[in-house]
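In order, the protein sequence lines correspond to chains S and B. What the first sequence shows, in our numbering, is residues 1 to 101, in sequence order. What the second sequence shows, in our numbering, is residues 1 to 498, in sequence order.
Hints listed in this document are in silico derivations from the structure and should not be mistaken for laboratory results. The reader is advised that the hints may include incorrect statements.
[What the hints assert, rightly or not] The calculated PhoX-like cross-link candidates involving lysine-lysine, where the alpha carbons are at most 25 Å apart (straight line), are:
id, chain 1, residue 1, chain 2, residue 2
1, S, 61, S, 11
2, B, 97, S, 11
3, B, 97, B, 159
4, S, 76, B, 36
5, B, 36, B, 159
6, S, 90, S, 11
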Amino acid sequence: MASLATGQRLKSAVCNTEIMVISAPDGDLELTCGGVPMGSDGSSESGTVDPNYANGTTIGKRYVNDDGDLELLCVKPGDGSLAVNGTELKIKESKKLPKTD
Amino acid sequence: MNIALFLEMAAEARGDRVAFKDALTGESISFAGLYKAAQAKSQVLHESGASHCALIDTSNLTIPVALFASGWAGIPYVPINYRLTSDEIDALIDRVKPAFVVTDAERREAWTDRSDLIVHERQSFREVHAKSEDVAHWSMDPEGVAVVLFTSGTTGAPKAAIMRHRHLVSYTLMMEFDSADEDEAALVTVPPYHIAGIAAILTSVYQCRRVVQLATFEPDNWLKVAREEGVTSTFVVPTMLSRIVDSLEGQRNADLPNLQAISYGGGKMPLNVIRRAMELFPDTEFTNAYGLTETSSTITLLGPEEHRTALASIDPTTQKRLTSVGLPVPGVEIAIRDDEGRNLPTNVHGEIFVRGEQVSGEYEGIGSRVDEDGWFPTRDAGYVDDDGYLFLDGRADDVIVRGGENLSPGEIEDVLREHECVHDAAVVGMPSQEWGEAVAAAVEVSREVSVEALQMWVREHMRSSRVPEKIQFWDELPYNETGKLLRRVVKAAFVDSP
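Chain S on its own, in the form it takes in the complex (with noise of 0.2 Å):
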């Protein structure tokens, strides 16, 4: 468990996922990636993506928790999928906006 602070960039464990943190709420937290806690160095254990986080995760998309107030972009792609306190996060849906540059 650990508290999460905006522009944190934290890897998995198991897999090559890394995300940074846009918005997270206070107090602790367990982010986990295919099923282990993410970390700033990633870990040299070798562990294994645990197959009921295995959706993986999209490079550029931003994933989002139920109640709104965690925000985390993928930086990296991986095998693994993201989750908090055991409960898979979700893609956040995109507002297409006209091309302004």
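Here the structure of chain S is known, so what remains is to put chain B in place on it, guided by the hints.
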């Protein structure tokens, strides 16, 4: 967070795709190439010990390299207006030294003896290597300063507006990552020291969209490059669109079928120009974007649908939408307040305030202008209609915006007052077809002098954009009881009798 992250992502997803092409030289660089170059130069910047990385040059491939390398190295990137006089540039450089500078060969030569500057021109910057092969990773501290831009203020020295990584990241995240098709290209003609120029680099990289850089604007060449490069989107200031429209005089269609989108901003767009442009570019979507340096560029947008509806409508309210700057972008709120800071209802004119994650509102040496609730006073005047559309009246502080360039009336008045025949002077912006606003002056003279002589006087002392196009002679300039010049009265005289 760090803007360098966006380049890493683009290099990962679309490494082989062309990221930037310089239309002038024909050279290009891929996303992977740009990432490698930014990485190598970040180490050069790091070893230099410089506190800032200043760039004084027209658009070229070293611009995005310097921007991302600075973010990577954790020092602010400072693009400076290359059109300024040497004295003006010297004064700005002194505020960011010890600096690493990328500029033209002539200026490099002039600065060879300065121990507080490490100066490169484009080619030497490309060739310079770091001593160490180490590559430090960038800081993810959201508070790190990414960009410092000098804005022109109303009085005296330009202010150094600060943009932290979190402001620019927040702005860029409005876009969808990797959303551009392989054949998309954005034509960027705004200069590197303009916030729109920086925004264009960041959003294009994030969308993995090719940027075609055009260092100097000339309408016929702009059309030629847009055609040859298959440009699909572009941003122009009103003066550019006006000149493009003029150069298509007599034609029914601009014949640029690939050009999906033109967005414009940075000044007031004359109605007849946008109407004519929509006729000449029938398949192109038009968007009006309003923003400030201090808000990391765009905060409101008038989209293509509103443009079409307004053009087709016979209802005056709907037609008027074409003069609006539109609705706030996601994450941005707008409020109109009076002089006492009270919120005003719709359709009432006041000062525009803005709030959002992308709003920095902070200046070096001055601090933050954002209040405790997060609102930033733009110093622009305007109102919001019943449907939330924002309309601009002009600059609250009387800065003249001529073709996207901000001119300070006070500086021009000072020069005019120095003339031996001039007793007093008032400088205002007047509506201009070509420039959005042009410089006009009302003068009180002590001895007879010609308009031409006064224009010559200003030209001798200032850059040509400051020379008043119209000069009127007044018996007495209007002041209120506290000695404040009533610019509005002067302004009205140039609107009523052009």
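Checklist entry - Which of the numbered hints above does this structure break? => result Numbers 2 and 5 - these are the hints that the structure violates, sorted from lowest upward.
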